[in-house]
Amino acid sequence: MRVNYHPILGKDERKKLVKIVVDGREMMAVKGEPIAAALLANGIRKLRKTRKKGEYRGVFCGIGRCTDCAMIVDEIPNIRTCITPVKEGMQIITQEGLGKWERK
Amino acid sequence: MGEEIIKKSQVVVIGAGPAGLCAAIEARKAGATVLVLDENDRPGGQLFKQIHKFFGSGKHWAGLRGFRIGENLLKEAGQLGVKILLNAEVYGIFDDMTVGYIRNGVEKAIKGERIIIATGGIENALPFPGGTLPGVMGAGGVQTMVNIHRVLPGKKILMVGSGNVGVIVSYQLMQAGAEVVGIVEAAGRVRAYEVHLNKIKRAGVPIYTSHVVKEAIGKDEVEGAIIARVDDNLNIIEGSEKHLDVDCLCIAVGLNPQIELPYIAGCKFSYIPERGGYIPVFDENMETSVKGIYVAGDVAGIEEASIAMEEGRLAGIACAGSLGLYDKETEEKLKKEVKKILRAMRTKHDSRIIHSLTGIPSNDRFEKGPVAVIECKEEIPCNPCESACVFGAIKVGEPITNPPVLFEEKCTGCGRCIPKCPGMAIFLIHKNYTDKTSLIKFPYEYLPVPEKGGLVSCVNRNGEIISRGRIIDIKASKKDDGTKIIAMEIPKEYFNDVRGIQIRGDGI
Ligand SMILES: Cc1cc2nc3c(=O)[nH]c(=O)nc-3n(C[C@H](O)[C@H](O)[C@H](O)COP(=O)(O)OP(=O)(O)OC[C@H]3O[C@@H](n4cnc5c(N)ncnc54)[C@H](O)[C@@H]3O)c2cc1C
Ligand code: FES
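Those protein sequences? They're chains A and U, same order as listed.
Read in order, the letters of the first sequence correspond to residues 1335 to 1438 in my numbering.
Read in order, the letters of the second sequence correspond to residues 126 to 633 in my numbering.
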């Protein structure tokens, strides 16, 4: 859910949007925001599955420390989505385990 | 920013939070070449997620919102020509005072004659069943998402931990339109400053002291939580479990210093639980056991931004002095000033020492006309109310941790102090507004803003609705930076009870 109006920060004036593709689904993100923020705004909190037990993980620290938010981004696994900005056309995939390195 | 050219800098600062920026500013003022490295893509450390007004001394930006303080520091650093290199993650400090960092995937190094480590703190985690489900987040992460990226991690939130961070982030979540379903605290009492807590209570948030989270429920993500009461030994009391309908748990159980770099550099440590655990030992100049390496801010023990800034200043001045950029006398004079401020801010603000309310007018004074009511009685290092009053009706004095005293005969009822109090603890009350009604003016920072002339539900200090009120006026001045002053007419019998209006959890 986006905070479009805020009593202190005012109206969200960021207008430039980019399109991202998440597990094959197209959605809009605000230019320059971290991938994880865009996903939260689109109601997505499950970002990866653990290797052994297959449990879901999502954003925890939000500052690039805990690696719970790792996903496969443009074919590279283990990208910390909380500190990686979105880009037009970015392909984002829920990561299973350690993920596969698809780019050669 | 031309890192290829800089291979050497007299002072290298690691971390561009309040401590690092202040250290850099002071060292630069003395004429040192200074380079600040930060792994983030924006400078300011914790400051930019903090949208509340800070405590502190009126002389030192108190009463300003955290991100404004950050803006001011960056401006000052920029004007002085401090170089800040972002996206630069420091991974090590070597024997010859070389700092190794990685930027854009490339390894780089810079040699400093002096190194100041200001890497801040890192949040503690809390283990409990379901604690790894998506929807369980650290308070810092929540703050970053909500206040910087402007997305909410959930609609109904349970805050775990009642320290200042937990209580402040709860307030900020409500400002962003979320509902805070409760605050859980294992200890028997709330740990935050009372004025911060009172804001949350007025909003009607239940506070569960002597409670813990037993479990976060949900198959793949958080769908609820079970909390339970604990005894004095923190054992769960069976049968006391309570289910809460929440979709997000926010963990605010303290920070610990981020000490990898002082560790790698070979600094000696000591264990100080009140300051967050293992902390590099430092002397009165903030210099560690390794000559030439200094620490400042949360890495030197978890305290507050205002203290982090002064520690940074001290380290910056001391570095400049030891580089011969100040004569002994000037150095000592500058250090003395900073140390005086540090001492005053640390004059024990033990929140258990509750003073009698020195800011409350007498019954006689209430009869005579509008008057300020200052509901602040803890030892907080804060005094903007004092400088806000041009009539000298509010005194804090020294040390700055004194609770404010109201000189009621001098108070004209102008209300200038209301928006200046970072604790939002000052109200203006005109008891005899009319025969049957009183007028209360109070600070307000939520959405929606009520309509002038409209009828609203009035709440007492615990957020309970006790009467109806009519909005007479709403003042929104640019210099109050988002804090609105609402004037509301209420039945006279409630003049001493009403302290705000009901806010909706769905503010937007
Ligand atoms: C919710 C909340 C509310 C608060 N409210 C108040 C308040 O009302 N008043 C008050 O005075 N204080 C408050 N504080 C505390 C205050 O924010 C901190 O004490 C202060 O930010 C500490 O400053 P610092 O410079 O030491 O660290 P930080 O602000 O944490 O900055 C550290 C910087 O170092 C960088 N860094 C870390 N490691 C590396 C590395 N290896 N390489 C490069 N860079 C690195 C980080 O990116 C960061 O920018 C609050 C804190 C929180 C979380
Ligand atoms: S949420 Fe912790 S690294 Fe991204």
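No wet-lab data here; the hints were simulated from the structure.
Do not rely on the hints blindly, as some may be mistaken.
[To be verified] Distance condition first, Cα-Cα at most 27 Å in a straight line; then the derived BS3-like pairs of lysine-lysine:
#1 U/K603 to A/K1349
#2 U/K416 to A/K1349
#3 A/K1353 to U/K464
#4 U/K603 to A/K1383
#5 U/K416 to U/K344
#6 A/K1380 to U/K344
#7 A/K1345 to U/K280
#8 U/K609 to A/K1345
#9 U/K603 to A/K1345
#10 A/K1345 to U/K577
#11 A/K1345 to U/K464
#12 U/K281 to A/K1383
#13 U/K280 to A/K1380
The structure displayed is predicted, hence computed values, not measured ones.
How the hints compare with the structure:
no. : hint              : result
1   : U/K603 to A/K1349 : holds, 24 Å
2   : U/K416 to A/K1349 : violated, 51 Å
3   : A/K1353 to U/K464 : violated, 53 Å
4   : U/K603 to A/K1383 : violated, 48 Å
5   : U/K416 to U/K344  : violated, 53 Å
6   : A/K1380 to U/K344 : holds, 11 Å
7   : A/K1345 to U/K280 : holds, 19 Å
8   : U/K609 to A/K1345 : holds, 16 Å
9   : U/K603 to A/K1345 : holds, 15 Å
10  : A/K1345 to U/K577 : holds, 21 Å
11  : A/K1345 to U/K464 : violated, 41 Å
12  : U/K281 to A/K1383 : holds, 25 Å
13  : U/K280 to A/K1380 : holds, 16 Å
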